[in-house]
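Participant: Sequence order for the protein chains is A and B. To convert, note that position 181 of the first sequence is 180 in numbering that gives the first Met the number 0; the numbers rise steadily by one, no gaps. To convert, note that position 154 of the second sequence is 153 in numbering that gives the first Met the number 0; the numbers rise steadily by one, no gaps.
For the record, the hints were derived by calculation from the structure and aren't laboratory data. Cβ coordinates follow ideal geometry from the N, Cα and C atoms, glycine included. Hints are supplied without guarantee of correctness; some may be wrong.
[Said to hold, decoys possible] Among chain A residues calculated to face chain B with C-beta under 7 Å, some are:
id, residue
1, Lys164
2, Pro491
3, Gly530
[What the hints assert, rightly or not] Simulated restraints on C-beta separations:
id, chain 1, residue 1, chain 2, residue 2, range
4, B, Ser533, A, Val557, 41 to 51 Å
5, B, Arg379, A, Asn112, 24 to 34 Å
6, B, Glu151, A, Val557, 48 to 58 Å
7, B, Ser14, A, Cys43, 47 to 57 Å
8, A, Ile213, B, Ile553, 47 to 57 Å
9, A, His540, B, Asn207, 38 to 48 Å
10, A, Glu16, B, Ile553, 31 to 41 Å
11, A, Gly503, B, Asp555, 48 to 58 Å
12, B, Ser456, A, Glu517, 42 to 52 Å
13, B, Asp555, A, Asn112, 22 to 32 Å
14, B, Glu37, A, Met17, 52 to 62 Å
So the chains spell out like this:
There are 2 protein chains.
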Amino acid sequence: MERIIRINMNNLQASQEMVKEEHKMLGGRALTSKLALEEIPPECEPLGKENKLIFAVGLLAGTAVSSSGRLSVGGKSPLTGGIKESNSGGITSQKLCQLGVRALIIEGKPKENILYILHMSGEKIDLIEAKELKGLGTYDTVEKLRARFGKEVAISLIGQPGEKKMAVAGIVNIDLDGAPARLNARGGLGAVFGSKGIKAVVIDARENKCQKPIDKYLFTKANKRVLELIKDTTMTSEIYPRYGTSAIVELASQLNCLPTLNFSHGQFEHADKINADALFQLITKRGGKGKTTHGCMPGCVIRCSNIFPKEDGEVLVPSLEYETIALLGSNLGIASFDTIAEINRLCNDYGIDTIEVGAAIGVAMEAGIVSFGDGDGAIRLVKEINSGSVIGRLIGSGSVITGRVLGVQRVPAVKGQAMAGYDPRGLKGLGVTYATSPMGADHTAGQTSRASVDHKSSKGQVEVSRNAQINAVIYDSLGLCLMVGAAFSREPQLLVDLINARFGNNWSMESLQEMAKEVLRNERDFNLLAGFTSNDDRLPHFFQNELLPEANTIFDVVNEELGGIWRNF
Amino acid sequence: MERIIRINMNNLQASQEMVKEEHKMLGGRALTSKLALEEIPPECEPLGKENKLIFAVGLLAGTAVSSSGRLSVGGKSPLTGGIKESNSGGITSQKLCQLGVRALIIEGKPKENILYILHMSGEKIDLIEAKELKGLGTYDTVEKLRARFGKEVAISLIGQPGEKKMAVAGIVNIDLDGAPARLNARGGLGAVFGSKGIKAVVIDARENKCQKPIDKYLFTKANKRVLELIKDTTMTSEIYPRYGTSAIVELASQLNCLPTLNFSHGQFEHADKINADALFQLITKRGGKGKTTHGCMPGCVIRCSNIFPKEDGEVLVPSLEYETIALLGSNLGIASFDTIAEINRLCNDYGIDTIEVGAAIGVAMEAGIVSFGDGDGAIRLVKEINSGSVIGRLIGSGSVITGRVLGVQRVPAVKGQAMAGYDPRGLKGLGVTYATSPMGADHTAGQTSRASVDHKSSKGQVEVSRNAQINAVIYDSLGLCLMVGAAFSREPQLLVDLINARFGNNWSMESLQEMAKEVLRNERDFNLLAGFTSNDDRLPHFFQNELLPEANTIFDVVNEELGGIWRNF
Numbered sequence: 000m001e002r003i004i005r006i007n008m009n010n011l012q013a014s015q016e017m018v019k020e021e022h023k024m025l026g027g028r029a030l031t032s033k034l035a036l037e038e039i040p041p042e043c044e045p046l047g048k049e050n051k052l053i054f055a056v057g058l059l060a061g062t063a064v065s066s067s068g069r070l071s072v073g074g075k076s077p078l079t080g081g082i083k084e085s086n087s088g089g090i091t092s093q094k095l096c097q098l099g100v101r102a103l104i105i106e107g108k109p110k111e112n113i114l115y116i117l118h119m120s121g122e123k124i125d126l127i128e129a130k131e132l133k134g135l136g137t138y139d140t141v142e143k144l145r146a147r148f149g150k151e152v153a154i155s156l157i158g159q160p161g162e163k164k165m166a167v168a169g170i171v172n173i174d175l176d177g178a179p180a181r182l183n184a185r186g187g188l189g190a191v192f193g194s195k196g197i198k199a200v201v202i203d204a205r206e207n208k209c210q211k212p213i214d215k216y217l218f219t220k221a222n223k224r225v226l227e228l229i230k231d232t233t234m235t236s237e238i239y240p241r242y243g244t245s246a247i248v249e250l251a252s253q254l255n256c257l258p259t260l261n262f263s264h265g266q267f268e269h270a271d272k273i274n275a276d277a278l279f280q281l282i283t284k285r286g287g288k289g290k291t292t293h294g295c296m297p298g299c300v301i302r303c304s305n306i307f308p309k310e311d312g313e314v315l316v317p318s319l320e321y322e323t324i325a326l327l328g329s330n331l332g333i334a335s336f337d338t339i340a341e342i343n344r345l346c347n348d349y350g351i352d353t354i355e356v357g358a359a360i361g362v363a364m365e366a367g368i369v370s371f372g373d374g375d376g377a378i379r380l381v382k383e384i385n386s387g388s389v390i391g392r393l394i395g396s397g398s399v400i401t402g403r404v405l406g407v408q409r410v411p412a413v414k415g416q417a418m419a420g421y422d423p424r425g426l427k428g429l430g431v432t433y434a435t436s437p438m439g440a441d442h443t444a445g446q447t448s449r450a451s452v453d454h455k456s457s458k459g460q461v462e463v464s465r466n467a468q469i470n471a472v473i474y475d476s477l478g479l480c481l482m483v484g485a486a487f488s489r490e491p492q493l494l495v496d497l498i499n500a501r502f503g504n505n506w507s508m509e510s511l512q513e514m515a516k517e518v519l520r521n522e523r524d525f526n527l528l529a530g531f532t533s534n535d536d537r538l539p540h541f542f543q544n545e546l547l548p549e550a551n552t553i554f555d556v557v558n559e560e561l562g563g564i565w566r567n568f
Numbered sequence: 000m001e002r003i004i005r006i007n008m009n010n011l012q013a014s015q016e017m018v019k020e021e022h023k024m025l026g027g028r029a030l031t032s033k034l035a036l037e038e039i040p041p042e043c044e045p046l047g048k049e050n051k052l053i054f055a056v057g058l059l060a061g062t063a064v065s066s067s068g069r070l071s072v073g074g075k076s077p078l079t080g081g082i083k084e085s086n087s088g089g090i091t092s093q094k095l096c097q098l099g100v101r102a103l104i105i106e107g108k109p110k111e112n113i114l115y116i117l118h119m120s121g122e123k124i125d126l127i128e129a130k131e132l133k134g135l136g137t138y139d140t141v142e143k144l145r146a147r148f149g150k151e152v153a154i155s156l157i158g159q160p161g162e163k164k165m166a167v168a169g170i171v172n173i174d175l176d177g178a179p180a181r182l183n184a185r186g187g188l189g190a191v192f193g194s195k196g197i198k199a200v201v202i203d204a205r206e207n208k209c210q211k212p213i214d215k216y217l218f219t220k221a222n223k224r225v226l227e228l229i230k231d232t233t234m235t236s237e238i239y240p241r242y243g244t245s246a247i248v249e250l251a252s253q254l255n256c257l258p259t260l261n262f263s264h265g266q267f268e269h270a271d272k273i274n275a276d277a278l279f280q281l282i283t284k285r286g287g288k289g290k291t292t293h294g295c296m297p298g299c300v301i302r303c304s305n306i307f308p309k310e311d312g313e314v315l316v317p318s319l320e321y322e323t324i325a326l327l328g329s330n331l332g333i334a335s336f337d338t339i340a341e342i343n344r345l346c347n348d349y350g351i352d353t354i355e356v357g358a359a360i361g362v363a364m365e366a367g368i369v370s371f372g373d374g375d376g377a378i379r380l381v382k383e384i385n386s387g388s389v390i391g392r393l394i395g396s397g398s399v400i401t402g403r404v405l406g407v408q409r410v411p412a413v414k415g416q417a418m419a420g421y422d423p424r425g426l427k428g429l430g431v432t433y434a435t436s437p438m439g440a441d442h443t444a445g446q447t448s449r450a451s452v453d454h455k456s457s458k459g460q461v462e463v464s465r466n467a468q469i470n471a472v473i474y475d476s477l478g479l480c481l482m483v484g485a486a487f488s489r490e491p492q493l494l495v496d497l498i499n500a501r502f503g504n505n506w507s508m509e510s511l512q513e514m515a516k517e518v519l520r521n522e523r524d525f526n527l528l529a530g531f532t533s534n535d536d537r538l539p540h541f542f543q544n545e546l547l548p549e550a551n552t553i554f555d556v557v558n559e560e561l562g563g564i565w566r567n568f
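Okay, chain A solo, but in the shape it has when bound (with noise of 0.2 Å):
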């Protein structure tokens, strides 16, 4: 049975529990949100005592199953006000679960104004006082936690606005090459993570302690099968490889959905200079150490990330993502490759979410703090969040607080989070899911691009946004990558082939269901405990009376249907 570690910050003792028999079934999101209901007061202050932040592996964490060591990460957002889970590629999830961890709580609060390390190794837990890590940012940290831990470990850290918990910090997972590269981005969790006077998770597993399947054979038989369905999947034998999510560039332009000038155009002029192909032929040319596959986490066969070179064929950034080009790119007028890896670079060594920090400068220069297209002004402003100037401090408090601020109404937000890489009126299935998923807006919490409807029409939008909430809860909570789903989804029964045969139990596809449902109805439940009403559940104002020229659509699903989504949930 695995173990939960419970680290309390106002004593700074350590202790451990087995996993309970009632969350023996729940993993990754799952078990962040169950945890979260249950010992968060839904009340409490996101940056105080009461709020507790909680890291989980999923329930293929550790296997051979590829894409399966997504970290889930959850807890109070100081963003949202709301329920979080956030999770990364990496390899942290991969060392928990070799440590024999199913989930590590961090609850309380130092008396003291300390930076700690939080150091995992085997049985082993320290907290160790880390002066000179203050105000480094997660390149310089890493490289000295590195020397200090060694070359095997995997660590979970912050940059310098998480120790300032402002709420556009994330938490940086090191990927396989050692890289501060993978982020649980959003909704704050890196101001929650600051707020425990933890600088970085640092993880040592020895041995491996990870579960192994009840049931060898059905449990490689299954994996098995999963490969051959990957192999055998255009999107993740060919698409994904090559290209990686930068693909989504020319899907989004097709469905007249790409955030272009701060949500005020689908399309954008210079998509040619952003899109897959640019990105493929620029990688190619420089080579070097440029990689246009990669991969973000052990085991993965996708390998869908790249490593992106200066001209020198150095590594400027690992890895360009499509949220990161469509909120830095072509939200901002930039049209640079190099513009927006520079800004993301600095993203991961501040560790800020890229998404929150894009829709935050979209906003700035709707207000002519800086002009779109600005990249130079860009780059300022995003080294401002890290210097914590006044205006640093704004943009770092999220797009809607920067909007209120500076006087800009067209804010694309939903329960205080940035929406990502889809405008909602081109994609009106993400639009039910940004306004009504508990996460806030998330292209990641019910994705529906692929879905076979008409994604202007508001006609059955809601069903398939519930749809694939219920589906994302499930990658969410087995650990998997959204991006393996292209082939799970032609076998889905294999999900529960692989749960089942890696617990003993006896799960259909129903209890799967069932298991996802439980999870929104727990975040839900926190939301309304924290405040939430239906009001929450609504796309801003400007969605429902501007036409998205491109697509010359307004969002059009009406607040009733919005509101029917959870009735009799």
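Add chain B to chain A, keeping to what the hints say.
Facilitator: Same frame as chain A, now just chain B:
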């Protein structure tokens, strides 16, 4: 029967209607809140075209009753996101009354970015383009308007922050001397004013169409008794006329609830430099145009205002009031009347709320933007609000946003609106009002400082606050100043007599209270529809966690009790 004037800024048309039968006995706050609930979609954007700005005179407006000329302005607040009524002295109410107007509703939003003067003269209503007033302060604007429209007009107007739609912006009314000194300060209604494209409302009442009392004899008799009571009550005949509201510095110090250094203390070591006696001595010593007693509206016999002179005897600002002294004085560690008065003058010129501004600067001081006690720094910050710099826009967004951006947890506000000059830990009944009033933290919504209870005990405060809130609605609906309450409270039946004599009806005290309860129900209904929950009826956590040192107490009225205040109401 009185009229309602309606200005539609969508098409720049004015129209009028008679007061509906069911609104006949609604004045001031009762009318603004009823019309807001009936006509404003609670989910609307406060600065959008669906919001309305509603001016209403009280049921006793335009009569000879002392202190009956408060002007109520209501709408959806950009500061709280809920319903708002904010009232003010000045001459606007009387002039509206003389025009035969019970309420003025400004709705819609002009298509183009043009600034207008709304000019009402007799039956004539004009919207006049006012380019020349753009960006002017209220002093300059009033000077130009009085030169153009004569010295007999009433003017309600906004400064630059109102034009920029900042949440600290109020609506400024000129007083009997033509000074822009009386504000509907709270809740950001100046921003709503600005969002309608209006710089000033100018009211030229050539003849007096004010409704005369139906039973003149009874009315005169009752009013005579009111005057006797005012003369026979120490507060209204001696203390207020001599010291005005500054007398509260002493009272608050005794209760250990004088907001000091951003609500971290309940006493100020230099309180003797900013108390009533010091103010009286200083004004008397400087002489010139300074006055220790002054009326803020026509017909007031209490005259609790003052005119604060500069050293040379010229007017610095009319009038220095307690809330300003507390929030901009002790709360900021500033012990100089000259500094406080200078900030007050700037706030009047810019048309911004001294309470919200003081609270926001207190939070900024805690964040280290300037130091506590730094008067020049505080003046600089207020000037930044007007200039619209980023820090200015931040402070101009109010205390809650300022705290959120600057990372300060100690923010003395409820529902987004800052507390007035009383720490709720030392005056727990008012703490209950702060928490539960539909208006957000507001001392005028249910002041309990004169109730015969132990203000530090949590016991019975919910009932004390409930009664005070009902009482406040009565005064706000009659257009009566709360300062006259010390006299009326000795024979409350006089309120009913005056109304019955004026309108020829047959109310009892119960009718009056039932009216007030219905107003509170309307306001709560609006807020519920706007997305408020019981979570919004809470004080910030620090009041429950941090001892107020001098009072040695926390705010310990428990949430369950707070939640009960409107149960079965």
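Participant: Would you mind marking each hint as holding or not holding in the structure?
Facilitator: Okay, the hints, checked on the actual structure:
{"no.": "1", "hint": "Lys164", "verdict": "6 Å, holds"}
{"no.": "2", "hint": "Pro491", "verdict": "37 Å, violated"}
{"no.": "3", "hint": "Gly530", "verdict": "3 Å, holds"}
{"no.": "4", "hint": "B:Ser533 to A:Val557: 41 to 51 Å", "verdict": "28 Å, violated"}
{"no.": "5", "hint": "B:Arg379 to A:Asn112: 24 to 34 Å", "verdict": "29 Å, holds"}
{"no.": "6", "hint": "B:Glu151 to A:Val557: 48 to 58 Å", "verdict": "52 Å, holds"}
{"no.": "7", "hint": "B:Ser14 to A:Cys43: 47 to 57 Å", "verdict": "50 Å, holds"}
{"no.": "8", "hint": "A:Ile213 to B:Ile553: 47 to 57 Å", "verdict": "53 Å, holds"}
{"no.": "9", "hint": "A:His540 to B:Asn207: 38 to 48 Å", "verdict": "43 Å, holds"}
{"no.": "10", "hint": "A:Glu16 to B:Ile553: 31 to 41 Å", "verdict": "33 Å, holds"}
{"no.": "11", "hint": "A:Gly503 to B:Asp555: 48 to 58 Å", "verdict": "52 Å, holds"}
{"no.": "12", "hint": "B:Ser456 to A:Glu517: 42 to 52 Å", "verdict": "45 Å, holds"}
{"no.": "13", "hint": "B:Asp555 to A:Asn112: 22 to 32 Å", "verdict": "28 Å, holds"}
{"no.": "14", "hint": "B:Glu37 to A:Met17: 52 to 62 Å", "verdict": "59 Å, holds"}
Hint violations for this structure: numbers 2 and 4, all remaining hints satisfied.
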